[in-house]
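These protein sequence lines are chains A and B, in that order.
Residue numbers for the first sequence follow this note's numbering, so the first one is 1 and each next one is one higher.
Residue numbers for the second sequence follow this note's numbering, so the first one is 182 and each next one is one higher.
Take the hints with a grain of salt, since some may be wrong.
Said to hold, decoys possible - Incomplete in silico selection of chain B near chain A, CB under 7 Å:
no., residue
1, VAL203
2, LEU207
3, GLN210
4, LEU211
5, ARG212
6, MET214
7, TYR215
8, VAL218
9, VAL219
10, GLY222
11, VAL223
12, PHE227
13, ILE234
Stated by the list, open to error - Label-pair distances were calculated between CB atoms; the ranges are:
no., chain 1, residue 1, chain 2, residue 2, range
14, B, VAL223, A, ASN46, 17 to 23 Å
15, B, ALA228, A, ASP115, 31 to 37 Å
16, A, ARG150, B, ARG233, 40 to 46 Å
What the hints assert, rightly or not - Stretches of chain A that chain B covers, calculated by requiring three or more beta carbons in the stretch to come under 8 Å of a beta carbon on chain B:
no., segment
17, 5-12
18, 33-40
19, 102-114
20, 122-128
21, 143-156
In case anyone wonders, no lab produced these hints; they're calculated from the structure.
Because the structure is a prediction, the values reported are computed rather than measured.
Glycine included, each C-beta is placed from N, C-alpha and C at the ideal position.
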Amino acid sequence: MPMDDSVRNSILSAVPSLRAFAISLCGNVDRADDLVQETMLRAIANIDSFQPGTNMAAWLFTILRNHFRSEYRKRRREVEDADGHHADSLKQQPEQHGHIEFNEFREALSQLPPDQREALILVGASGFSYEEAANICGCAVGTIKSRVNRARTRLAEILHVNSAEDYGPDDQTRAVLAGGE
Amino acid sequence: METAASRTKKTDSKPAKLGREVHARLGQQLRAMYDDVVNQGVPDRFADLISRIDGNGNKDRQ
Chain A
1 MPMDDSVRNS ILSAVPSLRA FAISLCGNVD RADDLVQETM LRAIANIDSF QPGTNMAAWL
61 FTILRNHFRS EYRKRRREVE DADGHHADSL KQQPEQHGHI EFNEFREALS QLPPDQREAL
121 ILVGASGFSY EEAANICGCA VGTIKSRVNR ARTRLAEILH VNSAEDYGPD DQTRAVLAGG
181 E
Chain B
182 METAASRTKK TDSKPAKLGR EVHARLGQQL RAMYDDVVNQ GVPDRFADLI SRIDGNGNKD
242 RQ
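Construct the complete structure from the given sequences, taking the supplied hints into account.
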């Protein structure tokens, strides 16, 4: 199907945030890029079901999210501990990177239930409203709100952060993390 | 030492309510992680994919 320029540009310009979303969801760059590619192919194949004038990015996120969910369910049947394995592989990354906080954060994120993780990313990082996030996830706005709240609380617990002081300067965070494990 | 002591005390206290500052810090970290990927732009793989599909589409049409 020949693409008109606006469709082509909308899809391409959504790629960076689709990748960020996919990596945050699955924690693996290669798998995330496959998800993005599949999303693009599905979007192009189903472009007729896109309603012009609505948010193309939200539509693409919905496709990616649904595809990830069905993949996740499939994988879970195949590999028992998909998420546990993911967390382990992140732990092996070298610590002298200067990205300690970053890695810890990714690992903490990977420990959240998928429902909470996607809600938090959509609202907290992708910049969607609660309403848009609810549409993407196919649930009620109140459900998204409570998932985001639970995700934040759980993240703070995992990262041992209960006050801003604890989450302050790098050396302090490092000390907390070292002491916690 | 002082901070370690106060930290322990805080960890033991009820986990519920997050302070506004903790919220803000968690949000910053989340966005930093996310934007790190966004700032990588569009990898060639995806630009090529679109061009390929576009090319095929034009061929199909004729």
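Verification of the hints:
no.: 1; hint: VAL203; result: holds, 6 Å
no.: 2; hint: LEU207; result: holds, 6 Å
no.: 3; hint: GLN210; result: holds, 5 Å
no.: 4; hint: LEU211; result: holds, 5 Å
no.: 5; hint: ARG212; result: holds, 5 Å
no.: 6; hint: MET214; result: holds, 6 Å
no.: 7; hint: TYR215; result: holds, 4 Å
no.: 8; hint: VAL218; result: holds, 4 Å
no.: 9; hint: VAL219; result: holds, 5 Å
no.: 10; hint: GLY222; result: holds, 6 Å
no.: 11; hint: VAL223; result: holds, 5 Å
no.: 12; hint: PHE227; result: holds, 5 Å
no.: 13; hint: ILE234; result: holds, 6 Å
no.: 14; hint: VAL223(B) / ASN46(A): 17 to 23 Å; result: holds, 21 Å
no.: 15; hint: ALA228(B) / ASP115(A): 31 to 37 Å; result: holds, 33 Å
no.: 16; hint: ARG150(A) / ARG233(B): 40 to 46 Å; result: holds, 42 Å
no.: 17; hint: 5-12; result: holds (count 3)
no.: 18; hint: 33-40; result: holds (count 4)
no.: 19; hint: 102-114; result: holds (count 4)
no.: 20; hint: 122-128; result: holds (count 3)
no.: 21; hint: 143-156; result: holds (count 4)
Every hint from the earlier list agrees with this structure, and none is contradicted.
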